[in-house]
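Position chain Z with the ligands relative to chain F; hints supplied.
Read top to bottom, the protein sequences are chains F and Z. Heads up: the first sequence is residues 1 to 296, going by UniProt numbering. Heads up: the second sequence is residues 1 to 365, going by UniProt numbering.
Note that these hints are calculated values from the structure, not bench results. Just to be clear, a hint being listed does not mean it is correct.
[To be verified] Straight-line distance between alpha carbons at most 27 Å, and here's what the computed BS3-like set of lysine-lysine pairs gives: (1) Z:Lys21 x Z:Lys359; (2) Z:Lys131 x Z:Lys95; (3) Z:Lys113 x Z:Lys131; (4) Z:Lys359 x F:Lys189; (5) F:Lys192 x Z:Lys352; (6) Z:Lys204 x Z:Lys246; (7) Z:Lys113 x F:Lys189; (8) F:Lys192 x Z:Lys114; (9) Z:Lys126 x Z:Lys178; (10) Z:Lys326 x Z:Lys246; (11) Z:Lys204 x Z:Lys178; (12) Z:Lys352 x Z:Lys209; (13) F:Lys192 x Z:Lys108; (14) Z:Lys74 x F:Lys189; (15) Z:Lys131 x F:Lys189; (16) F:Lys189 x Z:Lys21; (17) Z:Lys178 x F:Lys189; (18) Z:Lys209 x F:Lys189; (19) F:Lys189 x Z:Lys108; (20) Z:Lys352 x F:Lys189; (21) Z:Lys204 x Z:Lys352; (22) Z:Lys326 x Z:Lys359; (23) F:Lys258 x F:Lys71; (24) F:Lys192 x Z:Lys95; (25) Z:Lys95 x F:Lys189; (26) F:Lys283 x Z:Lys131; (27) Z:Lys74 x F:Lys192; (28) Z:Lys113 x Z:Lys95; (29) Z:Lys359 x F:Lys192; (30) Z:Lys352 x Z:Lys326.
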Amino acid sequence: MTDLSATQGAGRPWGRIALRWGLYVLLGLFALYYLIPLFVMVTTSLKSLEEIRSGSLIALPREVTFDAWTKAWANACTGIQCEGLRPYFWNSVFMAVPAVMISTVVGAMNGYVVAQWRFRGANVIFSLLLFGCFIPFQVVLLPMAKMLGILGVAGTIPGLIMVHVIYGIGFTTLFFRNYYVTIPVELVKAAKIDGAGFFRIFFSIFLPLSLPIIVVSVIWQFTQIWNDFLFGVSFSQAGTQPITVALNNIVNSTTGVKEYNVDMAAAIIAALPTLVVYVVAGKYFIRGLTAGSVKG
Amino acid sequence: MAPILDIQNLYKAYGQTEILKDINVSIEKGDFLVLVGPSGCGKSTLLNCIAGLEPITGGQLNIAGLDMTNVSPKDRNIAMVFQSYALYPTMSVAKNITFGMQVRGVDKATQEKKLAEVARQLQIEKLLSRKPSQLSGGQRQRVAMGRALVRDPALFLFDEPLSNLDAKLRVEMRTEIKRLHQDLHASMVYVTHDQIEAMTLATKIVVMKDGVIQQIGTPAEIYRTPANLFVADFMGSPAMNLIPAKVHQDGNARRIEITRDGEAPLVLTDRRGLDLPQDVIIGLRPEDITDPASRQGDAIEIADCMVDVVEPAGADTYVVSRLGGKEVTARLQAETDVRPGARASFAFDLAKASYFEPKSGIRLS
Ligand SMILES: Nc1ncnc2c1ncn2[C@@H]1O[C@H](COP(=O)(O)OP(=O)(O)O)[C@@H](O)[C@H]1O
Ligand SMILES: [Mg+2]
Chain F
1 MTDLSATQGA
11 GRPWGRIALR
21 WGLYVLLGLF
31 ALYYLIPLFV
41 MVTTSLKSLE
51 EIRSGSLIAL
61 PREVTFDAWT
71 KAWANACTGI
81 QCEGLRPYFW
91 NSVFMAVPAV
101 MISTVVGAMN
111 GYVVAQWRFR
121 GANVIFSLLL
131 FGCFIPFQVV
141 LLPMAKMLGI
151 LGVAGTIPGL
161 IMVHVIYGIG
171 FTTLFFRNYY
181 VTIPVELVKA
191 AKIDGAGFFR
201 IFFSIFLPLS
211 LPIIVVSVIW
221 QFTQIWNDFL
231 FGVSFSQAGT
241 QPITVALNNI
251 VNSTTGVKEY
261 NVDMAAAIIA
271 ALPTLVVYVV
281 AGKYFIRGLT
291 AGSVKG
Chain Z
1 MAPILDIQNL
11 YKAYGQTEIL
21 KDINVSIEKG
31 DFLVLVGPSG
41 CGKSTLLNCI
51 AGLEPITGGQ
61 LNIAGLDMTN
71 VSPKDRNIAM
81 VFQSYALYPT
91 MSVAKNITFG
101 MQVRGVDKAT
111 QEKKLAEVAR
121 QLQIEKLLSR
131 KPSQLSGGQR
141 QRVAMGRALV
151 RDPALFLFDE
161 PLSNLDAKLR
171 VEMRTEIKRL
181 HQDLHASMVY
191 VTHDQIEAMT
201 LATKIVVMKD
211 GVIQQIGTPA
221 EIYRTPANLF
231 VADFMGSPAM
241 NLIPAKVHQD
251 GNARRIEITR
261 DGEAPLVLTD
271 RRGLDLPQDV
281 IIGLRPEDIT
291 DPASRQGDAI
301 EIADCMVDVV
311 EPAGADTYVV
321 SRLGGKEVTA
331 RLQAETDVRP
341 GARASFAFDL
351 AKASYFEPKS
361 GIRLS
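This is chain F alone, in the form it adopts within the complex:
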């Protein structure tokens, strides 16, 4: 007995250390697997075309140059125009920022109503909104095009904003509703007796509680809307295309030599805002997803 426990006592730390290292190596491999494409993109975007042609794909640049970035930003050609990504980047900003804000505000209101003001048919309405989350993009393309035409916003940025708001409300409502159902209904009752009405209760009591879930909603919506290609390509026209569509055009429309460094720089520029949002607010994202909102 004593022998056995002694050997176990000695064996256990070694086993644990080996396991720990095995785990790290495995995780490291996974991380590498995900980081290699980014590495290749960044290094390629910093090389000259000469170097790309002559050197190896994974080699570091011998001579760092930002020419490709300047070109991608300001004068790469998307079809016949050669203004780079810049105008389209701003198109995306003007589309994504209002769409994210509107869909988050509407989602917060919806969630508040569905979770805390349980009117007749609240569950049916919530189920329908939820169902909206599962409708594939392709299904709504034609009806949406028709609607935009009727409303006179086809091919405009406000039109795109509308599409993204409508498509996003299902998700944002779900986020806020699930957050607000954990708040005891007695809070609303107390506020009603204190004399506060529907909006007063929302702005004075619920909104100040909502930072974690607002972050979730903003990150989710921003990522969805910024990265969207299908709605962008379907409902925009020459001057109003979002950056994803422009990126596609740059990569596909170059005649003659393929400028890999410009393509890579353009791709990174297009992806940068979502990356920034994650880095800045990612911590709150996890916290918001797991938050049990209120105690006391």
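Chain Z with the ligands alone, transformed into the frame defined by chain F:
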């Protein structure tokens, strides 16, 4: 003067389910009404109806003589304290207390004055800048009370305000609420499932079960003359002994015969000349079955019983015997020499006995 609260034939249903049936209660200014009953019997629902947080399905509800049918909670001149305290989590204690005044547009100076007054009254001056999450349960309770007090309403509503506190704190706060009631001469409606809380606080008790009022009365009335078996069993701890018995008429006296296992039946005589049927359930509180030495009088019947269990409880000793197929608890003095498994002599105070109809459970006479 019109009653502060007057409820007549109130009904409340959620869809098809009737939660409250034909509620009739009224209280005068300064009354402390306690609604007591088991969980799920509709106490909170009734309180919410009074507050206007739930619409009523039928009947009439008046506060201070005014019909409340179309009056919203904020205009009912009430304040409410909730079981979960319902403090606004992002606001400081001071803000929690003044929020109502702020919504109503009370000027800053008055707000400050009232806040200081209430904070002193409840001894929470040092907590005013804290958030609810930085408070203990008892402190949160005080803040919730402060929010109600600052309104100075015609009627206070409490929904199980002490049930989230530990036992010691609960007793302390109970006393404090009682003192508050006395100092303010306030009118209160208080919901609890704890019958001791009900007995100690109330000037008037409403006992409810399944949405129906079982009895309304002062604590003494409820305790001494319960209206039915449910009330008899629910109010009082340890519970009233409810023993099946047969009644024999003997002139003006009634001989109450209680069966015993393997022994001659126990026979007690009630000389009050009550009109009783042959089969009854006799109700005797534990303190009405006691040491023969400690109780004298015409109505005292002395009898020997077999002792099953002896439970010392500090101030008293509870002794359990089997009578009429039931465990019967007697309350003796702490230093009794009664031993389990032996016979002992008990004094039954028949003047305090209640009788119930076995089938319907209704009180007889
Ligand atoms: N909003 C509601 N919808 C449907 N049934 C309800 C609702 N609120 C309470 N009830 C039901 O009403 C009954 C009484 O509830 P309640 O008044 O909370 O009881 P108590 O406070 O006495 O424990 C319970 O059976 C409960 O399930
Ligand atoms: Mg309740």
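| query | Which of the listed hints are broken here? | reply | The structure breaks hints 4, 5, 6, 20 and 29; every other hint is satisfied.
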